[in-house]
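Colleague: Sequence:
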Amino acid sequence: MSEVIYMVESSAELINNALLVSATIRYVVLDPILFKQSVLLDTKEILSSIVSKVEMSDKETSFKVSMYQIGIRHMKLNSEKIEGRIGAIVKQQFPNLVVNLLNPDSKLVVLAWDDMAAMGWQEGEIEYSSINYRAPKNSPYFGGGAMKPLLSRICVNLLQPLKAIVLDPFCGHGGMLREIADLGSFAIGIEISTRVIRQASFNNRHHDYADLINLIQGDSLSPPFRKGGIQAIVTDPPYARQTTTIGRDRDKLMYDWFNILDGPMKIVITTPTNMFVDTPKSWQVDIDTEDYVHKSLTRRIRRMIKE
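For what it's worth, this note's numbering labels the leading residue of the sequence shown as 96, then goes sequentially.
There may be inaccurate statements among the hints.
Okay, derived cross-link-like pairs now, BS3-like style, lysine-lysine, Cα gap no bigger than 30 Å in a straight line [claimed, not checked]:
#1 Lys139 / Lys186
#2 Lys176 / Lys202
#3 Lys232 / Lys186
#4 Lys202 / Lys148
#5 Lys186 / Lys148
#6 Lys139 / Lys159
#7 Lys148 / Lys171
#8 Lys376 / Lys258
#9 Lys401 / Lys361
#10 Lys401 / Lys376
#11 Lys148 / Lys159
#12 Lys232 / Lys139
#13 Lys202 / Lys232
#14 Lys258 / Lys322
#15 Lys258 / Lys401
#16 Lys322 / Lys361
#17 Lys347 / Lys258
#18 Lys186 / Lys202
#19 Lys186 / Lys159
#20 Lys171 / Lys232
#21 Lys154 / Lys232
#22 Lys243 / Lys401
#23 Lys232 / Lys176
#24 Lys131 / Lys159
#25 Lys361 / Lys258
#26 Lys390 / Lys243
#27 Lys171 / Lys131
#28 Lys202 / Lys159
#29 Lys171 / Lys154
#30 Lys159 / Lys171
#31 Lys390 / Lys232
#32 Lys154 / Lys176
Ranges between beta-carbon positions, derived for each pair [to be verified]:
#33 Pro359 / Gln312: 25 to 33 Å
#34 Lys390 / Phe281: 54 to 62 Å
#35 Tyr350 / Thr384: 39 to 47 Å
#36 Ser225 / Leu129: 29 to 37 Å
#37 Glu155 / Glu98: 30 to 38 Å
Just so you know, these hints were derived from the structure itself, not from any lab.
Idealized CB from N, CA, C, for every residue including glycine.
Given only the sequences and the hints, what does the whole structure look like? Please build it.
Modeller: Laid out in structure tokens, this is it:
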């Protein structure tokens, strides 16, 4: 996934809510000052004028400067030298601020991309180790077609705002279910294989999600729900040789499944680009994008709505 930078106007509350559920945000900088990247290599006087525009604390506090280069690098920038240079300017102009490289109260961030740069105080930074530890290879049981947690989380987030109950009708070993539960909804999974459903249950206990997930061993074409009982679905249906369709053609399985769905509903579904190419006319597709996995697999991610 490519690195990109966005400028948004929002409240601190909405930004922090996004940080809590995101699978893609890395750094958030508040009220950044924008300038040409060449200024970072310019004279001290010009760089000082940029630093002086950043809103500084009037209280004695510790800080450090961190620089990150986003995407393709068009200039040769020595991040360590630039960090030291900006830190010295800040300390000279604002003597109440104390440098602390190990455990600072605040972090002054410099982001560089294309020929532009931005500087401002960091509001948040996310390390995704709390998600990545649930990777298929770190679970007791997993299949060859299992999705990584970050992509599963992105798919679940496409259902925002989440319903109280979210269904994965082809849940396999449960990776999507654990992301649903982690984002605060009760997750229900259907799996036709008795062996896989036992393994998914073991995985859920292993990752401490057993109380937040309900597993149903059965056929997704005969779900045990009343009409309108499920309004949000996210799924990565079976398509690899390691997954189970009990002999059904995978495309026909999907068409048959869509035909049984009733009531208003929002679905996020991922399939290979050569599978389930045409979508039912009764559904509106409002997101249709692709995610390259490897040479033989590019996933197509669609969000589909039925009123």
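Colleague: All hints, please: hold or fail.
Modeller: Now for the hints, and whether the structure bears them out:
{"no.": "1", "hint": "Lys139 / Lys186", "verdict": "holds, 13 Å"}
{"no.": "2", "hint": "Lys176 / Lys202", "verdict": "holds, 16 Å"}
{"no.": "3", "hint": "Lys232 / Lys186", "verdict": "violated, 47 Å"}
{"no.": "4", "hint": "Lys202 / Lys148", "verdict": "holds, 16 Å"}
{"no.": "5", "hint": "Lys186 / Lys148", "verdict": "holds, 14 Å"}
{"no.": "6", "hint": "Lys139 / Lys159", "verdict": "holds, 19 Å"}
{"no.": "7", "hint": "Lys148 / Lys171", "verdict": "holds, 25 Å"}
{"no.": "8", "hint": "Lys376 / Lys258", "verdict": "holds, 25 Å"}
{"no.": "9", "hint": "Lys401 / Lys361", "verdict": "holds, 6 Å"}
{"no.": "10", "hint": "Lys401 / Lys376", "verdict": "holds, 10 Å"}
{"no.": "11", "hint": "Lys148 / Lys159", "verdict": "holds, 17 Å"}
{"no.": "12", "hint": "Lys232 / Lys139", "verdict": "violated, 50 Å"}
{"no.": "13", "hint": "Lys202 / Lys232", "verdict": "violated, 35 Å"}
{"no.": "14", "hint": "Lys258 / Lys322", "verdict": "holds, 16 Å"}
{"no.": "15", "hint": "Lys258 / Lys401", "verdict": "holds, 15 Å"}
{"no.": "16", "hint": "Lys322 / Lys361", "verdict": "holds, 14 Å"}
{"no.": "17", "hint": "Lys347 / Lys258", "verdict": "holds, 28 Å"}
{"no.": "18", "hint": "Lys186 / Lys202", "verdict": "holds, 13 Å"}
{"no.": "19", "hint": "Lys186 / Lys159", "verdict": "holds, 10 Å"}
{"no.": "20", "hint": "Lys171 / Lys232", "verdict": "violated, 38 Å"}
{"no.": "21", "hint": "Lys154 / Lys232", "verdict": "violated, 48 Å"}
{"no.": "22", "hint": "Lys243 / Lys401", "verdict": "holds, 28 Å"}
{"no.": "23", "hint": "Lys232 / Lys176", "verdict": "violated, 39 Å"}
{"no.": "24", "hint": "Lys131 / Lys159", "verdict": "holds, 22 Å"}
{"no.": "25", "hint": "Lys361 / Lys258", "verdict": "holds, 10 Å"}
{"no.": "26", "hint": "Lys390 / Lys243", "verdict": "holds, 17 Å"}
{"no.": "27", "hint": "Lys171 / Lys131", "verdict": "holds, 14 Å"}
{"no.": "28", "hint": "Lys202 / Lys159", "verdict": "holds, 5 Å"}
{"no.": "29", "hint": "Lys171 / Lys154", "verdict": "violated, 35 Å"}
{"no.": "30", "hint": "Lys159 / Lys171", "verdict": "holds, 22 Å"}
{"no.": "31", "hint": "Lys390 / Lys232", "verdict": "holds, 21 Å"}
{"no.": "32", "hint": "Lys154 / Lys176", "verdict": "holds, 27 Å"}
{"no.": "33", "hint": "Pro359 / Gln312: 25 to 33 Å", "verdict": "holds, 28 Å"}
{"no.": "34", "hint": "Lys390 / Phe281: 54 to 62 Å", "verdict": "violated, 38 Å"}
{"no.": "35", "hint": "Tyr350 / Thr384: 39 to 47 Å", "verdict": "violated, 22 Å"}
{"no.": "36", "hint": "Ser225 / Leu129: 29 to 37 Å", "verdict": "holds, 32 Å"}
{"no.": "37", "hint": "Glu155 / Glu98: 30 to 38 Å", "verdict": "holds, 35 Å"}
Violated hints, in rising order: 3, 12, 13, 20, 21, 23, 29, 34 and 35; the structure is consistent with all others.
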